[in-house]
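A.B. asks: For reference, the chains in residue letters:
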Amino acid sequence: MAGFDKLTEKLARGLARGTSRRSSLAWIGGIATGAAILPVLPVSRAMAAPHSAGHNRPPITSGNPQDPGDRSQCDYWRYCAIDGFLCSCCGGTVNTCPPGTEMSPITWIGTCTNPADGRAYVISYNDCCGVSSCGQCLCNRNEGDRPQVRPQSNNDYNWCLNTQSSVYNCSAAAIVGVAVEK
Amino acid sequence: MAGFDKLTEKLARGLARGTSRRSSLAWIGGIATGAAILPVLPVSRAMAAPHSAGHNRPPITSGNPQDPGDRSQCDYWRYCAIDGFLCSCCGGTVNTCPPGTEMSPITWIGTCTNPADGRAYVISYNDCCGVSSCGQCLCNRNEGDRPQVRPQSNNDYNWCLNTQSSVYNCSAAAIVGVAVEK
Amino acid sequence: MRSATVMFAVALSAITLASGVKAAPPPLPEEPIPSEASLPADYPQGWALIQDFNFNSLVDGRTVVVDTGNPAQPLKGIIRTAQFGNTLFAPAKHEIYTAETFFSRLTQGERTDAITIWDTATLKSKGEIVLPGGKRQQSVTYAGTFQFTNGQKWVLISNFTPAQSVTVVDLDGRKVLGEIDLPGCAHIYPTGDRGFTTLCADGSLTSIQLDDKGAVASSKTVANVQDIDKQPLFGDAAWIGKTAWFVSYHGQLQGIDMAGAVARPLAAKLSVGTAEGGAPEWRPSGWQVIAADAKGLLYVLMSPAGKEGSHKDGGTEVWVIDPATGKRTQRIALSGGATSIAITREAAPRLIAMRLDGPIDIFDAATGKPVHSLGTTIAFNPTVAIPVP
Amino acid sequence: MRSATVMFAVALSAITLASGVKAAPPPLPEEPIPSEASLPADYPQGWALIQDFNFNSLVDGRTVVVDTGNPAQPLKGIIRTAQFGNTLFAPAKHEIYTAETFFSRLTQGERTDAITIWDTATLKSKGEIVLPGGKRQQSVTYAGTFQFTNGQKWVLISNFTPAQSVTVVDLDGRKVLGEIDLPGCAHIYPTGDRGFTTLCADGSLTSIQLDDKGAVASSKTVANVQDIDKQPLFGDAAWIGKTAWFVSYHGQLQGIDMAGAVARPLAAKLSVGTAEGGAPEWRPSGWQVIAADAKGLLYVLMSPAGKEGSHKDGGTEVWVIDPATGKRTQRIALSGGATSIAITREAAPRLIAMRLDGPIDIFDAATGKPVHSLGTTIAFNPTVAIPVP
Chain A
1 MAGFDKLTEK LARGLARGTS RRSSLAWIGG IATGAAILPV LPVSRAMAAP
51 HSAGHNRPPI TSGNPQDPGD RSQCDYWRYC AIDGFLCSCC GGTVNTCPPG
101 TEMSPITWIG TCTNPADGRA YVISYNDCCG VSSCGQCLCN RNEGDRPQVR
151 PQSNNDYNWC LNTQSSVYNC SAAAIVGVAV EK
Chain B
1 MAGFDKLTEK LARGLARGTS RRSSLAWIGG IATGAAILPV LPVSRAMAAP
51 HSAGHNRPPI TSGNPQDPGD RSQCDYWRYC AIDGFLCSCC GGTVNTCPPG
101 TEMSPITWIG TCTNPADGRA YVISYNDCCG VSSCGQCLCN RNEGDRPQVR
151 PQSNNDYNWC LNTQSSVYNC SAAAIVGVAV EK
Chain C
1 MRSATVMFAV ALSAITLASG VKAAPPPLPE EPIPSEASLP ADYPQGWALI
51 QDFNFNSLVD GRTVVVDTGN PAQPLKGIIR TAQFGNTLFA PAKHEIYTAE
101 TFFSRLTQGE RTDAITIWDT ATLKSKGEIV LPGGKRQQSV TYAGTFQFTN
151 GQKWVLISNF TPAQSVTVVD LDGRKVLGEI DLPGCAHIYP TGDRGFTTLC
201 ADGSLTSIQL DDKGAVASSK TVANVQDIDK QPLFGDAAWI GKTAWFVSYH
251 GQLQGIDMAG AVARPLAAKL SVGTAEGGAP EWRPSGWQVI AADAKGLLYV
301 LMSPAGKEGS HKDGGTEVWV IDPATGKRTQ RIALSGGATS IAITREAAPR
351 LIAMRLDGPI DIFDAATGKP VHSLGTTIAF NPTVAIPVP
Chain D
1 MRSATVMFAV ALSAITLASG VKAAPPPLPE EPIPSEASLP ADYPQGWALI
51 QDFNFNSLVD GRTVVVDTGN PAQPLKGIIR TAQFGNTLFA PAKHEIYTAE
101 TFFSRLTQGE RTDAITIWDT ATLKSKGEIV LPGGKRQQSV TYAGTFQFTN
151 GQKWVLISNF TPAQSVTVVD LDGRKVLGEI DLPGCAHIYP TGDRGFTTLC
201 ADGSLTSIQL DDKGAVASSK TVANVQDIDK QPLFGDAAWI GKTAWFVSYH
251 GQLQGIDMAG AVARPLAAKL SVGTAEGGAP EWRPSGWQVI AADAKGLLYV
301 LMSPAGKEGS HKDGGTEVWV IDPATGKRTQ RIALSGGATS IAITREAAPR
351 LIAMRLDGPI DIFDAATGKP VHSLGTTIAF NPTVAIPVP
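As given, the protein sequences belong to chains A, B, C and D, one line each in that order.
Here the first sequence stands for residues 1 to 182, where the numbers follow my numbering.
Here the second sequence stands for residues 1 to 182, where the numbers follow my numbering.
Here the third sequence stands for residues 1 to 389, where the numbers follow my numbering.
Here the fourth sequence stands for residues 1 to 389, where the numbers follow my numbering.
It should be emphasised that the hints constitute simulated quantities derived from the structure, not laboratory data.
Heads up, a few of these hints could be off.
What the hints assert, rightly or not - What follows is a set of in silico ranges between Cβ atoms, one per label pair, in the way DEER data are often shown:
no. : chain 1 : residue 1 : chain 2 : residue 2 : range
1   : B       : Pro68     : D       : Ala259    : 54 to 64 Å
2   : C       : Val216    : A       : Pro105    : 30 to 40 Å
3   : D       : His94     : C       : Pro44     : 40 to 50 Å
4   : C       : Pro44     : D       : Thr274    : 53 to 63 Å
5   : A       : Gln66     : C       : Val130    : 48 to 58 Å
6   : D       : Ala347    : A       : Pro68     : 32 to 42 Å
7   : C       : His250    : D       : His94     : 50 to 60 Å
8   : D       : Ala41     : A       : Pro68     : 52 to 62 Å
9   : B       : Gln164    : A       : Gly63     : 47 to 57 Å
10  : B       : Asp75     : D       : Arg331    : 29 to 39 Å
11  : D       : Ala41     : A       : Ala116    : 29 to 39 Å
Think of the CB as a built atom: it goes at the ideal place given N, C-alpha and C, for glycine as much as any other residue.
Go ahead and model the full structure; you've got the sequences and the hints to work with.
C.D. replies: Structure representation (structure tokens):
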């Protein structure tokens, strides 16, 4: 199994580095093009409510007009397939794990449209591991999410794999490329 | 230390069994007589809120007019010095631990006035142990509560002592006698 | 320093106990302690096991024994189901099984995966079976990652590292029998006498039968069971007899007969149907979105806001379909919404409508009328329910 | 069965990556992963360590590193502080210490008590010291159950079985030195160069000095320090230099000079004072109810609903008293209420007002004006705060 682990890790990293083969299937096209940003969903909002009642967190922004939105909110464009606590609210940043945690090298992938430039970006969602549930800014969005038989497209797994501990803390969202529909 | 443990356990059990010596100090008189039932306190109420919003639990009553009140509510008369989750909401009863837990043999004591008969009862608060936090019906009332230097009168300790596990689940409140001011 | 008795001497001297003070009525009696409750070894059919994911402390997941008919005291007891745990229920053996993961220092240190065996009456552990390799699949709760086979004498556990495999465990013998590699396939559906079916990434399924040592005796793949791009099936099925009924993201219903050694997809093309008022359209949505009752009706949790990515948001109605006729027989409105549903096996079955953020409501499954709300008196984050069969 | 590469081949073939599609602007750059944040080894003075009791999962307590000046991102990191844990902070050593309890199966099995040593920059464990006997006192958080002595080279830990004792631990040597029986006494207040004071059930205190092996070198009792029946002192003190300032349930202030080998209660009879509007009366109320600033002012959390049993309910104002003059200099209104308070050591000190159910508000300590609310962005159940000294 160790050999297979190495293989899949290499594939996952390869994908994250943006070196994968140029081909596409219909399903990703459907997501990558013309997909508007989903509103925050009723149940996700309800789950998040106990931790934000009576207080408006000031927005966490990039300062770059080409990357607009509040990184503490579920409706930020990069979070189109995220599931978990936003690392921006947990001591990390949109793409950095909080101190004390370890970033999982194996990830799931989303394809999210940036409303500023209209591009569909490939987003690597990396779980941060080894510290207990952050408990802040819980989000669940599922654009392009598919059943667990397609792991790379599924956010229900605990992706704290090949880390020292499988305990889940939060999820980061890093840009790893631009997706093109052929 | 073992001998001392046995001694204190014996004392605690003796107290719980209602066989202690007949004497009193001023402080207990102040609590035992004329103390009205405290309202549920603002912070306790706030802590309980996330788990009861939008739903009114039907009352849990004794059926005995001499033991009035709702055992799922912090203002039930026996809970005048409780701190924790009410076992009535956790699979136990007012004086019984939930299945799967073990009742701590060592307890703290409160003296609570029963509004139906005007008597001050000695209440033994026994923690239930070995299962994680129940999470239901959190209450904190402190009539007669004193600093930790007087353990029997302090509800800040985790009283899951001399049980297989010190993990706290909920707190029960059993009548162990009637207190008299001399 | 003070003598050993100081601290309690103060407390003891502070309280006077007597058996009666005023004339009438006599005081309330002393109550015996210690006192610990137990449950009936056989749970009534209105009860269910509900998985509490406990998102805010995932290391501390639980399974809650729930009396769905008792809004005053629905929570009957809590069983530990640590860290993305799973639960199985064997009423005939009066046992509950949890598949769990522990670390020696809560969040760090040595990892131990284990199955714990719990007594239904005492809710205390009767023992555990340690699982090798630290590879137990951790996911938001799916029934398909922990399943019985071989007449409930064995259990099968999904592994994910992300290499995929299944560990075979002999419950009665309290030992691990072996491991079956299943690259590219996920979830376990009991199939035949001593086997299981798994769904694979190319849309096929594979059915495996095991020998009496737990090794693969036969393996057979059936192609084109689902189109994962266009009509992916939700992972958890509803069982009517030995047929597992799946629903797709778009509402197609697919029955798969698991009675024989090889799973047999049913030919009937069924659907939950359509309705007005969707924006853009009605689709199944939630976590445990499909359930069945004892009479063989299917219940599907539906959202009017169906579109790409809406499939886990939760729904506002339950649509009832009779797979024998393919007709929709009822629409049940859920006042509070739901992310998961289940149906009790009572003579008058009830619908358990759960929300991931806590609230649980109970409906009459036949009439669709609300019975009562249990509010958030049960679990922090209920994911799936196992009604007493 | 399928080949090992099936599952990822599907995913890989589904996505096409390119470096630029449209004319302008160029796409956002790829971002490096993995990427993990770290903190400055020396924390700014607006930061604090806040204990999260996590009542709903006590096994999973935490300590949170907080930037009180940053309402957008106040939570800088989380440290495990399991099961009624305690925290100490040694900025000069760039270390944080937690006293914790673990069970091998989360809630059951073998118990381990340990001190964990955390690096301030990485928030990762640098090691642990296992404590013998499984007797570490578990309480709602009191600073007095885990304290430094001997110039932060040693720590003292309270035990409660309910037999009371203190374990002496050499942090630098990573070893347990010994245990001191303290029947009838609770809490630890560092005293002298290498000793501590403890409060006892008859209202006295006992001061103990240790030898260089951690054994008792001297012990001295001072009687009548408090009247536990009528004027009990809250357990946690505010420190001004080497004087610990306690407040009683009724608002009396008692300074105790801990500079020498034996604690010396100050003679001055001070009080928080009174005010109109109490029903029945203003009293101190909350958990960490007293704090001090760098200038030597005391801050006491006050409730207008003071009566027997109100002492932990939390307050609506903070009263500022100058112990040098005995005068009350200010009343600060807390819009959201609080159960615990602390004062930062910034040039312009700030008041941290915490509520056990989550919300944390920040005030200007000098003017009493609200600065900002941090809402519930930090902890489930904040009990005590340790501002950066």
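A.B. asks: Just to be sure I understand the hint, the distance between the Cβ atoms of alanine 347(D) and proline 68(A) should be within 32 to 42 Å; is that true here?
C.D. replies: Holds - the Cβ-Cβ distance for alanine 347(D) and proline 68(A), about 36 Å, lies within 32 to 42 Å.
A.B. asks: Against the range 29 to 39 Å, how does the distance between the Cβ atoms of alanine 41(D) and alanine 116(A) compare: consistent or not?
C.D. replies: holds (37 Å)
A.B. asks: Starting from the hint 50 to 60 Å, judge whether the C-beta atoms of histidine 250(C) and histidine 94(D) obey it.
C.D. replies: Once the Cβ atoms are compared, 56 Å apart, the range 50 to 60 Å for histidine 94(D) and histidine 250(C) holds.
A.B. asks: Holds or violated: the 48 to 58 Å window for the beta-carbon distance between glutamine 66(A) and valine 130(C)?
C.D. replies: holds (52 Å)
A.B. asks: Lying within 52 to 62 Å: is that true of the beta-carbon distance alanine 41(D) to proline 68(A)?
C.D. replies: violated (34 Å)
A.B. asks: So does proline 44(C) sit 53 to 63 Å from threonine 274(D), Cβ to Cβ?
C.D. replies: With Cβ atoms ~59 Å apart, the hint holds.
A.B. asks: Verify the CB-CB distance for proline 68(B) and alanine 259(D) against the hinted window 54 to 64 Å.
C.D. replies: Holds: the Cβ-Cβ distance is about 55 Å, inside 54 to 64 Å.
A.B. asks: Is 30 to 40 Å a correct range for the gap between the Cβ atoms of valine 216(C) and proline 105(A)?
C.D. replies: Since valine 216(C) and proline 105(A) have Cβ atoms about 31 Å apart, the given range 30 to 40 Å holds.
A.B. asks: Does the beta carbon distance between aspartate 75(B) and arginine 331(D) stay inside 29 to 39 Å, or does it fall outside?
C.D. replies: Holds - the Cβ-Cβ distance for aspartate 75(B) and arginine 331(D), about 30 Å, lies within 29 to 39 Å.
A.B. asks: Is 47 to 57 Å a correct range for the gap between the Cβ atoms of glutamine 164(B) and glycine 63(A)?
C.D. replies: holds (55 Å)
A.B. asks: If you check the beta carbons of histidine 94(D) and proline 44(C), does the distance land in 40 to 50 Å?
C.D. replies: Taking Cβ atoms as reference, histidine 94(D) and proline 44(C) lie about 59 Å apart, which means the hint is violated.
Hints 3 and 8, counting from the list given before, are not met by this structure.
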